[in-house]
Each structure stands twice: as C-alpha cells, then as structure tokens.
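Listed in order, the protein sequences are those of chains A and B. So the first sequence is numbered by the numbering used here: it starts at -2 and just counts up by one. So the second sequence is numbered by the numbering used here: it starts at -2 and just counts up by one.
Hints were generated in silico from the structure; no laboratory data involved. Just so you know, these numbers come straight off a predicted model, no measurement behind them. Be aware that a few hints might be false.
Under the rule of at most 20 Å between Cα atoms (straight-line distance), these lysine to any residue pairs were calculated in the SDA-like manner [claimed, not checked]:
id: 1; chain 1: A; residue 1: K219; chain 2: B; residue 2: P134
id: 2; chain 1: A; residue 1: K219; chain 2: A; residue 2: R174
id: 3; chain 1: B; residue 1: K219; chain 2: A; residue 2: P134
id: 4; chain 1: B; residue 1: K219; chain 2: B; residue 2: G132
id: 5; chain 1: A; residue 1: K219; chain 2: B; residue 2: R297
id: 6; chain 1: B; residue 1: K219; chain 2: B; residue 2: P134
id: 7; chain 1: B; residue 1: K219; chain 2: A; residue 2: R130
id: 8; chain 1: B; residue 1: K219; chain 2: B; residue 2: L271
id: 9; chain 1: B; residue 1: K219; chain 2: B; residue 2: A239
id: 10; chain 1: B; residue 1: K219; chain 2: B; residue 2: A268
id: 11; chain 1: A; residue 1: K219; chain 2: B; residue 2: R130
id: 12; chain 1: B; residue 1: K219; chain 2: A; residue 2: K219
Cβ-Cβ distance ranges computed for the label pairs, FRET-style [said to hold, decoys possible]:
id: 13; chain 1: B; residue 1: T29; chain 2: A; residue 2: Q274; range: 53 to 59 Å
id: 14; chain 1: A; residue 1: R175; chain 2: B; residue 2: L273; range: 14 to 20 Å
id: 15; chain 1: B; residue 1: E276; chain 2: A; residue 2: R175; range: 19 to 25 Å
Beta carbons: idealized from backbone N, C-alpha and C, even for Gly.
2 protein chains.
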Amino acid sequence: MTTGSPARAALIALDWGTSSLRAYRLDGAGRTLDTRHLPWGIMRLPQPLQDGAATPSGQSGFELAFEQACGDWLRAEPHLPVIACGMVGSAQGWREAAYLDVPVDLERIGTLLTRVERNGATPVHIVPGLIQRHGLPNVMRGEETQVFGVLFDQADDPADSVLIGLPGTHSKWVNARRGQVTHFDTFMTGEVYAALRGHTILGRTMIEAPTSDMAAFERGLKVAGVPAGRAGVLSTIFSTRALGLTGELAGVSQADYLSGLLIGHEISALADMLRLQGELPRIVVCGDDALCQRYILALRHYGLGTPRLAQHATERGLWHLAVSAGLVPVPSSSETTS
Amino acid sequence: MTTGSPARAALIALDWGTSSLRAYRLDGAGRTLDTRHLPWGIMRLPQPLQDGAATPSGQSGFELAFEQACGDWLRAEPHLPVIACGMVGSAQGWREAAYLDVPVDLERIGTLLTRVERNGATPVHIVPGLIQRHGLPNVMRGEETQVFGVLFDQADDPADSVLIGLPGTHSKWVNARRGQVTHFDTFMTGEVYAALRGHTILGRTMIEAPTSDMAAFERGLKVAGVPAGRAGVLSTIFSTRALGLTGELAGVSQADYLSGLLIGHEISALADMLRLQGELPRIVVCGDDALCQRYILALRHYGLGTPRLAQHATERGLWHLAVSAGLVPVPSSSETTS
Chain A
-2 MTTGSPARAA
8 LIALDWGTSS
18 LRAYRLDGAG
28 RTLDTRHLPW
38 GIMRLPQPLQ
48 DGAATPSGQS
58 GFELAFEQAC
68 GDWLRAEPHL
78 PVIACGMVGS
88 AQGWREAAYL
98 DVPVDLERIG
108 TLLTRVERNG
118 ATPVHIVPGL
128 IQRHGLPNVM
138 RGEETQVFGV
148 LFDQADDPAD
158 SVLIGLPGTH
168 SKWVNARRGQ
178 VTHFDTFMTG
188 EVYAALRGHT
198 ILGRTMIEAP
208 TSDMAAFERG
218 LKVAGVPAGR
228 AGVLSTIFST
238 RALGLTGELA
248 GVSQADYLSG
258 LLIGHEISAL
268 ADMLRLQGEL
278 PRIVVCGDDA
288 LCQRYILALR
298 HYGLGTPRLA
308 QHATERGLWH
318 LAVSAGLVPV
328 PSSSETTS
Chain B
-2 MTTGSPARAA
8 LIALDWGTSS
18 LRAYRLDGAG
28 RTLDTRHLPW
38 GIMRLPQPLQ
48 DGAATPSGQS
58 GFELAFEQAC
68 GDWLRAEPHL
78 PVIACGMVGS
88 AQGWREAAYL
98 DVPVDLERIG
108 TLLTRVERNG
118 ATPVHIVPGL
128 IQRHGLPNVM
138 RGEETQVFGV
148 LFDQADDPAD
158 SVLIGLPGTH
168 SKWVNARRGQ
178 VTHFDTFMTG
188 EVYAALRGHT
198 ILGRTMIEAP
208 TSDMAAFERG
218 LKVAGVPAGR
228 AGVLSTIFST
238 RALGLTGELA
248 GVSQADYLSG
258 LLIGHEISAL
268 ADMLRLQGEL
278 PRIVVCGDDA
288 LCQRYILALR
298 HYGLGTPRLA
308 QHATERGLWH
318 LAVSAGLVPV
328 PSSSETTS
C-alpha cells in the first residue's frame, strides 16, 4: 500500500467523521498531492484482532484506521505533522477535543488543537468543535474547518456578512463576519429524509428510480411556500403518499418529491429568519455537488439569489488551520495557491 | 371461544386498522355488550395453513381474522349485521371501499358502504374513507367514523364549527359544520416521532425511562413558540441532542422532550392556521388517554383553550353509521344511550 508520488509533502490532513475517513497529503503550498477515502468512520472502525502477529496487541481501531489512512506516508516522511477534524474529536472519538463558544474568532480555532500522543510516534492534532449556547444550544464538529477553508480562500471583503451553507446529513448554516462565526443553525434534513424513506409509510409506495426526477424535486420544493405549507413539514410530508393515492405522483418520483419538500421547508425557514434579521448576506454553499445543485434551486426559489459554490473546503480549512497553529510554516506568497 | 353474555345484540362493529382489529358487539340501543382486541391488523393477518383440516382450504387471512373476531357471535345470532371501518377498506384491505370527496355531508357516508359478500355467510359492510382534493390532497380511512361518532353524540348546536382532533400515528384535525366535514389536515407526528427515535442520531443518547417526564415534555412543547422555533421542526429537533451534550437534558428525559417538541410544532402550526381563518372553533379531542392529555397541554399552551374529550368515538360512529345505513333499526328514544 504505497503511493507513487515522489513530491515532498508538508502536512497530512484527516477529515474523520462518523461514517468515513478522508486522508489528504498536502505540499508546502497547501496543494493536494494524494487523497484517500476509507470507510473507517468513528462508528465503524476496523476491529483489532485478538491474536496473531498481523496486529500488534493493544492497537486500537483508531490506530488501525490511522495506519491504513497514512501509515506509509509517515514512514516515507516521518516528520510530517498530522491534523484531523470531525467526530474523531467527539466523546465517542479518539480523544475528546474542546468546543469553542460562538461567537468565536476563527483564528482562535487553530490555537486550541487537542494533541493525541501515540507512544512516541507522530502525534495527531484534533481541531475543536463549536458550540452555541444562546437560544437553543447547537454544536458542530468538522464544519468549523469547512467554514475556515471557505473564509480564508474568499476574495471578498471579510467585513461583509457571509452565510455559509453546508448541506448534508445535518445541514449547517453558518453566519460569519469580520473573521468571526457569529451564529449557526442545524437542520437534520438529510437524516430525516433517510428516516422517513426507510422507516415510515412514505417509503412503502416509493419505487427506486434509475435517474433523479428534478421536476418532482421542484414540485416538492414549492410546497413550503404555498398556503398548505403553513401546516409545516410534519403535515406536508403526508402529501407524498396522498398524491400517490390520487394518481398525481408516480412511485418513482416520490423520493425526489420528498427531498424537495424537506429542502424547501429548510430554505423557506432560513429565508424567513434572514428577512426578520433585515439583512440578506452573500451566500456560499459547499458540499456534495448534486446536493448543492438542489440547494441552489431552493435558494433561488425562496428569493435568496444564486450562491457561490466553494470546493475542497475541508482540505483548505485543515491546511489553513495547520498554518494558523504553526504546524507548518507560512508559505511564501509565490507558493500560495488559491 | 365463547362469551358468556346472554344479552341479545343488534350489530357487530369492527375497527380494522393497519396494526390491530377491535370487534364490538352492540345491543339495540348501541350499548357495547362485548369488546375484543386482536393483533390482526391488515398488514399482519393470520396466515392460512396450506394443509390440514383445521383451516378450510381457500380461506383468506381476512376470513381467519374475522372468524376469531366474531365467528362465535355470529353463530349465536346468525342474522346480526356487520359493519367495519379503517384500512380494511384500503387497496391493501379486504375490499377497496370508496373515498368520498370533502366537503361531504356526513349522512352520505352511511349510504355508500361497500358490501363484501362471503359465500352466503353474513356480508361485511365497509365504511368509505374521505379524500380532500383541494390544495395538497389528503386522505383518511377510519377517522371519518370517529368524526361521525363525535358529532352525533354532541349536545351542542350542530351549526357551530367544531374542530375534532384525533391524535395518533397520523394525527387528523377535522373541521365540521352543519353536519358537513369541510376540511381536514394530517400531521405524521406519531410516526415521525417513532422514526426519529428509532432510526436517527437522536435516539442514540435517549435512555429508556420507567415513567414519563412531563416537565421535559412541556419544555419541548414550548420550543415551537420561541424565536428559535422559527427555524422549524427540521432544525429544532437537533436541540434534543445538543441539550444532552451541554448537560441540560438527561438521556432519560430526551424522548419526552422530543415528543413535546413535535406536538408543539403541530399545535403551533394549527393555531396559526386557525387565526388566519379568523375563527377559533370549539375543539374536541379523541384518542388514547395519555396522548390526549399531552395534546390538551399543547392546545392550552398555544392559546386554543381546553378541548372537550370524546370517548368511544369509533364504536359510537360505527353504531350511528349502521343506523344511518339501515343495517339496524332506529332505536326508540327510550332506548337511546348517550
């Protein structure tokens, strides 16, 4: 398990979540030399063998996954620093890392990494999460790194308000201004979609479709904005089934309709909250391409304009955090990549 | 499998849903003589044996369940009429019964029963469901019978608007006036609660509690009404987990908090819709006692007053529908029970 790249690296960066682990090997300008995608999320780590020479006794699932992710990279360049973000820093992770209170200066994040010692081997530096204690409490782990990546790469005036959308299992919408995260919201849209589809009557009439039905998605998207949408998502989701019973929505279109319906309720609520605040910030969206396209349709439909799409935010964030923490030297301006 | 009651019956009434079957033996005044509760919902019928004398060949799961529910009652009094409501009349049921379009005169329901012939044995008369085609379509099967029962037993002026709440897996809120069902809404609150608890991250930190934590329920109930509630239920549900992480909500209290949160969003939306309509009708609630108590707290909190509790609505509705359909003679006024 070796990689062919002879280029010298400066950092190993790990995006280590609940269900998967991505490893990046970055050079001295923050450019990605190698990427690996492994299934070893913190809830599904490789199991240490109880005997046999293949696994040194006492090695944890975290160590095993770490070895597969970047053991060879570290043997080739033993002095590379390692930074990691995500649920690896949760109470169920390798080591519990701090939560920083919002509002927070982003620069502080890089000064509060949690160092995991590894018996003299290269330590791992885990990025803290963010916690918001006013109103209903809210937490994030991993998304703070994406926000860091988006904000440090943006060309705009950092004094401007920006709203960063990170759609996924738990969508995060993060308000930032003058290098501070000022507020964030979580929407469990992705996980609720999966639970409704897999474990309620709505899934029973859905038929697997070979391609997306974007017309059904857009039909669902609009529901939150029509008078019947006032009943809220606990009510409108039932229309997925009722439209099927009345012959108005085919089984193959019901999953995309439901996806649109949920994303529509999320973005409609977001738009209402932004209007109450009296400001419509610039919006940046970052995440899986197909999912971002759905959110772009939703943002347009609910009058929030067309957002900018940010890419590679996690590896950019891990890079900038490692620089900010002094794990890697500040690159000279001639090396910097955008 | 015989019952000891020697009293003469006038009707066998079946409440036959997805997950269970209730059978009632009623006398000539509509009083309940016997009740049986069987697990034979239409999605979990008894399986006909493939051979052996115990099961006459060709007998369906519906016939087997029917025999267990009331076979002995019919052998004792072979000429009793039988009426049934609920999902037994769905496409997956014994025989698909009609849907009547809302608005609908309740008296019409009794004139459009679907008759299931049983090879010369006593036929079964299935109550039609209701369908609402304006706005987002909506359907019910079984609840129309409860509405019938509530409205025919009420002492108030039938010209008044009444809103009948039927909390459960799928809560129904049914507007009626002058003997007509004019509108209804469905909220999938109960099923969403079960899916969130059983199949999302929210369930992972919940700890089974021996008793209900009504303080946690009421705390969740209020969320829809505070500023953070504007983000909608897809967002606020995450506070179940976040309050646990911040040490503000014990694992044993999280299920009741989530229950309150969901019911709060349902009733908050209902209250907003009623205020937009400009009228606050009398409210009647009908269903499982403990669940109705939760809804009463919610209705009070969101300014909808204290509803009347209706009991035995299904058997009362089946009785009145059977009278209305001419299956049983109209009782003389001296026999009538309230």
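Results of checking the hints against the structure:
The straight-line distance between the Cα atoms of K219 (chain A) and P134 (chain B) is roughly 15 Å, inside the 20 Å bound, and the hint therefore holds. Distance restraint check for K219 (chain A) and R174 (chain A): the Cα-Cα separation of roughly 31 Å exceeds the 20 Å cut-off, and the hinted pair is therefore not satisfied. A hinted pair counts as satisfied when its Cα atoms are at most 20 Å apart, and K219 (chain B) with P134 (chain A) qualifies at roughly 15 Å. For the hint linking K219 (chain B) to G132 (chain B), the alpha-carbon distance of about 29 Å lies beyond 20 Å, and the restraint is violated.
Restraint check: the Cα-Cα separation between K219 (chain A) and R297 (chain B) comes to about 32 Å, which exceeds 20 Å; the hinted pair is violated. Taken as a hint, the K219 (chain B) and P134 (chain B) pair is broken in the structure, with Cα atoms around 30 Å apart against an allowance of 20 Å. Simply put, K219 (chain B) and R130 (chain A) have alpha-carbon atoms about 18 Å apart, close enough for the 20 Å limit, and the pair holds. At most 20 Å may separate the alpha-carbon atoms for a hinted pair to count; K219 (chain B) and L271 (chain B) meet this at roughly 18 Å.
At roughly 17 Å between alpha-carbon atoms, K219 (chain B) and A239 (chain B) fall within 20 Å of each other, so this suggested pair holds. Our distance criterion of 20 Å between C-alpha atoms is met by K219 (chain B) and A268 (chain B), whose separation comes to about 13 Å. At most 20 Å may separate the alpha-carbon atoms for a hinted pair to count; K219 (chain A) and R130 (chain B) meet this at roughly 18 Å. A hinted pair counts as satisfied when its Cα atoms are at most 20 Å apart, and K219 (chain B) with K219 (chain A) does not qualify at roughly 28 Å.
Distance hint check: the CB atoms of T29 (chain B) and Q274 (chain A) are about 57 Å apart, consistent with the given range 53 to 59 Å. The hinted window of 14 to 20 Å between R175 (chain A) and L273 (chain B) is violated, with their beta carbons roughly 40 Å apart. E276 (chain B) and R175 (chain A) have their C-beta atoms about 49 Å apart, which leaves the hinted 19 to 25 Å range violated.
Of the numbered hints given earlier, the model fails hints 2, 4, 5, 6, 12, 14 and 15; all others are met.
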